[in-house]
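Quick note on our numbering: the sequence shown kicks off at 1 and runs consecutively.
Treat the hints with care, as some may be off.
Unchecked claim - Think about it this way: if two alpha-carbon atoms lie no more than 25 Å apart in a straight line, the pair counts; the simulated SDA-like pairs of lysine to any residue are:
#1 33 <-> 274
#2 164 <-> 150
#3 12 <-> 257
#4 12 <-> 150
#5 262 <-> 16
If you're looking for bench data, these hints aren't it; they were derived computationally from the structure.
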Amino acid sequence: MRVSKLYQDSQKPVVSFEFFPPRDEKAGQAFDKTIDALKPLNPDFMTMTFGAGGSTKDGSYQAVKNLMGRDIATVAYLAGFGLSPDYITQVLDRYKELGVETIFTIRGDEPREKDFQPHPDSFPYACDLIEFIASKYDFDLGCAGYPEGHIDAESLDKDIEYLKRKVDNGAKYVVCQYCYDENVFFAYVDKCRAAGIQVPIIPGIMPVYTVKLTRMLARICGTTIVDGMAANLEKLEGADAQAVFDYGVEFALDQCRGLLKKGVPGLHIYTMNRAPSTTRIITALREENLL
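All chains should be modelled from the sequences, with the hints used to inform the complete structure.
In structure tokens, the structure reads:
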């Protein structure tokens, strides 16, 4: 399954879900239940992340294999920070043998281990990793975009310059880090188009799962918690889980409606390996004939 062709050929918005590999047997059982719950929604594809410094390489491979064994169109992440070209080649060869056709490429974060040493021949930026993969393989390649700028970027404009290099080096589509204001997303798309980036640009959707998690992820990713959401999160401090869940679904639904009505080519939902929010969101959007 080549994702760029999906975006090219689909007559309706493409729906995709993202997961991270379960870290132990108990988490694996919960993951299987999540996939059992979400597969009936018939997403166009699912994506599996890859740990910093290759830390979840085997877990990612097994999770990708699990999804493909369930006849689910699957995209494998590759985060290249600090990894040698030989290591990356080994990972890609295994995915190729498994039948993976699309790789989502990111630089990734520096591992937290104090003794981690990046390989001297590792790729400093995702655009370099993409160039390397495109020179050796026929994978369909995706890459990440950052509507508010990557947290390490000196500016949004400079970040878009790097995105242009990713596309010029072989990336065929862009999935964005989530933001909570669709106007920010569309302004970003306009800037990308002005810079000559013409591939599909897909918004990422991160529902509110818990107040604590929302704030933590926003801090890590550099995502702005918009004023209305910030006020509501304050009100939800100490509220029961159902109230937080309902708010998260409704906020995400409103955001998705605005995005879809303005013609985005798809929605990419960061599931955090949970099913209920995604199920409610996709079901509601389909009932409203927006998907």
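Verification of the hints:
Annotation: proposed proximity of residue 33 to residue 274 holds, straight-line Cα distance about 9 Å (limit 25 Å). As the CA atoms of residue 164 and residue 150 are separated by approximately 14 Å, the hinted pair is consistent with the 25 Å bound. For the suggested pair residue 12 and residue 257, the alpha carbons sit about 14 Å apart, so the restraint of at most 25 Å is met. Annotation: proposed proximity of residue 12 to residue 150 is violated, straight-line Cα distance about 29 Å (limit 25 Å).
Our distance criterion of 25 Å between C-alpha atoms is met by residue 262 and residue 16, whose separation comes to about 18 Å.
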